[in-house]
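Student: Keeping the supplied structure of chain S fixed, place chain H upon it in accordance with the hints.
There are 2 protein chains.
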Amino acid sequence: MTFIEKLSCAWEKNNSLVCVGLDPDTERFPSSLRDVPDAIFQFNKAIIDATHDLVCAYKPQIAYFSAESAEDQLEKTIQYIQTEYPDIPVILDSKRGDIGSTAKKYAVEAFERYKADAVTINPYLGFDSAEPFLNYKDKGTVLLCRTSNRGANDLQDLDVGGMPLYQKVASMITEQWNFNKNCMLVVGATWPSQMSEVREIVGDMPFLVPGVGAQGGDIEALVKAGQTANGTGLIISSSRGVIYASEGDNFASAARSVVVDLREKINLHRN
Amino acid sequence: MTFIEKLSCAWEKNNSLVCVGLDPDTERFPSSLRDVPDAIFQFNKAIIDATHDLVCAYKPQIAYFSAESAEDQLEKTIQYIQTEYPDIPVILDSKRGDIGSTAKKYAVEAFERYKADAVTINPYLGFDSAEPFLNYKDKGTVLLCRTSNRGANDLQDLDVGGMPLYQKVASMITEQWNFNKNCMLVVGATWPSQMSEVREIVGDMPFLVPGVGAQGGDIEALVKAGQTANGTGLIISSSRGVIYASEGDNFASAARSVVVDLREKINLHRN
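Protein chains in written order, with the working numbering: chain S, 1 to 271; chain H, 1 to 271.
Please note that the accuracy of each hint is not assured.
Claimed, not checked - Simulated pairs of lysine-lysine, DSS-like, Cα-Cα distance not exceeding 30 angstroms:
#	chain 1	residue 1	chain 2	residue 2
1	H	Lys137	S	Lys115
2	H	Lys104	S	Lys115
3	S	Lys76	H	Lys76
4	S	Lys115	H	Lys76
What the hints assert, rightly or not - Which bits of chain H does chain S cover? Going by a derived footprint, with three or more residues having C-beta under 8 angstroms, they are:
#	stretch
5	49-58
6	63-71
7	154-164
8	168-178
If you are wondering where the hints come from, they were derived from the structure by calculation, not from laboratory data. Each residue gets a CB set at the ideal place from its N, CA and C atoms; glycine is no exception.
Bound conformation, chain S alone:
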């Protein structure tokens, strides 16, 4: 089964476009997890157990593991999802990007070491930096297009021949990089008008949409701007807004409540 097929099944099974971002920041853990040796994994496990029937994907952010020398807990987290909830795809958020020979090693990191179903990458180095990822036909590759942060406009909005760079990137990926039909794009929730412009360019290609929750994106606007005709096409990711809904011992049930609410708010506006 390809990533896109797995994603489509998860959209349908859980009637959800919500992705939970796993950004485990140990400083924000409840005190009961403070001295636990595999606290990061235990935190993630509790969040996953509390939300697995409500989401279309999980997105662990590798920086939170690397900063703590906790690659082993990232491996355990992904393995746990794939063993317990094999219908839910895992998108490793690592935004790698390098020349071809190095990119091959990063693809091994994402797809063979961590066994992620999909990975985020950065397009700045061009096609040959993406190709080693794209060659994994059954895996998904999510390319940065228009990100959700303040500084996104520094480069991504620059005008290149009558269109902003992020639109040029979207069209290049659609026309030249998507030969295995396994590309997706990061398009931030904070800019719905830009999302609808990208949707025009790329057809039904799925978008990974960060920026709801902590970053404040408007749900109605983004769903209307980004969904495909059948009411899917979006992987709407919230991290901090979900996993730190409570910093007490009820963090997992608080996370569940936020996801229930977010799924409902999103579904209200789906075709």
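Tutor: Just chain H, lined up with the frame of chain S:
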């Protein structure tokens, strides 16, 4: 001491602009290292011991460690250089780039976990993705500008208001991102004319120059195009061309010969 000061001392002490890139690919190791548990570290150590008096920096490429679950050997490699040869700066080549809250974690990974003196990052997400790195005043941040690979032109050469994107990136970094005077740029050796254009824009800002050796950049052309008035300003990096000069047990002495030769060829053309 800031990174730039440490680099300047190393340029002078070893009379060298050569940086050795540590891209340890276990498949290319000599057979004597095949079953050694910390083979990656042992390989790096041999290369470092054989070249430390000839280089201005080492540049470990993190993908080669991550693909092998060998973060511990990356830590050991950097620690070895800093203990045995503390005058030689270490540039961690990881090309990270993410929104601010995540970028903070990547900065912790590079500067606190691995204790690198400098790190490479990707500018596509804009200023706030670089800021957490730049705030480490004494560390160096090397931003991708014009890379050495084939696909570099896909995005980096696009015309933005009368100049290619890589020049816009160079000027943005010079004018707005370099408030702590700790920025550097990646400018590939494969395009000397582009390097001289970037030199015009950025003044004396150091360039990390990949693409000599295996990627075939012309040494005379790049030194003339990229050096500053005092004959420095360049960190000319060769990885595969040095460390796999021999795939036999004499790999370290073969690497030394290549570096001796490369340093000499470069120094011929320095101001």
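Student: Of all the hints numbered above, which does this structure not satisfy? Sort the numbers upward.
Tutor: Hints 1 and 5 are the ones this structure does not satisfy, whereas the remaining hints hold.
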